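Visitor: Residue-level listing of the chains:
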Amino acid sequence: NAGVMQNPRHLVRRRGQEARLRCSPMKGHSHVYWYRQLPEEGLKFMVYLQKENIIDESGMPKERFSAEFPKEGPSILRIQQVVRGDSAAYFCASSPRTGEDEQYFGPGTRLTVT
Amino acid sequence: ILNVEQSPQSLHVQEGDSTNFTCSFPSSNFYALHWYRWETAKSPEALFVMTLNGDEKKKGRISATLNTKEGYSYLYIKGSQPEDSATYLCASSNDYKLSFGAGTTVTVRA
Numbered sequence: 042n043a044g045v046m047q048n049p050r051h052l053v054r055r056r057g058q059e060a061r062l063r064c065s066p067m068k069g070h071s072h073v074y075w076y077r078q079l080p081e082e083g084l085k086f087m088v089y090l091q092k093e094n095i096i097d098e099s100g101m102p103k104e105r106f107s108a109e110f111p112k113e114g115p116s117i118l119r120i121q122q123v124v125r126g127d128s129a130a131y132f133c134a135s136s137p138r139t140g141e142d143e144q145y146f147g148p149g150t151r152l153t154v155t
Numbered sequence: 002i003l004n005v006e007q008s009p010q011s012l013h014v015q016e017g018d019s020t021n022f023t024c025s026f027p028s029s030n031f032y033a034l035h036w037y038r039w040e041t042a043k044s045p046e047a048l049f050v051m052t053l054n055g056d057e058k059k060k061g062r063i064s065a066t067l068n069t070k071e072g073y074s075y076l077y078i079k080g081s082q083p084e085d086s087a088t089y090l091c092a093s094s095n096d097y098k099l100s101f102g103a104g105t106t107v108t109v110r111a
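Residue numbers (our numbering), protein chains in the order written: chain A, 42 to 155; chain B, 2 to 111.
Hints in this document: simulated from the structure, not taken from any laboratory.
Computed from a prediction, not measured in an experiment: that's the story for all the values here.
The list that follows gives simulated cross-link-like pairs (lysine-lysine, DSBU-like), each with its CA atoms no further than 35 Å apart:
1) 68/A x 43/B
2) 58/B x 68/A
3) 79/B x 58/B
4) 58/B x 92/A
5) 68/A x 60/B
6) 85/A x 60/B
7) 112/A x 43/B
8) 92/A x 103/A
9) 85/A x 58/B
10) 43/B x 103/A
11) 60/B x 92/A
12) 43/B x 59/B
13) 85/A x 59/B
14) 43/B x 85/A
15) 103/A x 68/A
16) 68/A x 59/B
17) 85/A x 79/B
18) 85/A x 70/B
19) 92/A x 59/B
20) 43/B x 92/A
21) 79/B x 68/A
22) 60/B x 79/B
23) 68/A x 92/A
24) 43/B x 79/B
Let's have the full structure, built from the sequences with the hints guiding it.
Guide: Here it is as structure tokens:
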């Protein structure tokens, strides 16, 4: 059973470009979470999605950031018009249910904005 | 936002020795406490999820305890081995949203 997959592992974008980060949850998991680790900081919650629904996006910046988890295909975290402050490691996690379930993490995408 | 703190920030332990470190979290509205093991360039690996006061969980040489009334959890490593070197993260959750501490980085010296 493959774990959570994220791609790309490393992404370099110039200021003003768009970044698309993909996450394929573990088989059978319908709950996806995105976390961000800024330099010298801990992991911070961004957004929680179920298939086709955003449940909680309270940790996501209001502008330029969006997330989706379509019926078919991976979850996408999209950052428009990237700025240097968006440089961070973005981690995706998935779980079969919420609550007491463990969240299984992917290896992360390291975004560098030049 | 749940304020989760871990101490110490880092520690060095001799191979074969045992060690432990702390995670403290707000005890009000507690839901669950998660422990993860995170090696550099790898995914955080889930170790334990604990919910009940007095819970004790064990996985090989690693174990954890939980005190929800006073808001702390201990992680213990018995007979440390070099492969135990990693950053250990704890996170308190409100159902689905994990609030992470900064981690304790353990280095096991051979």
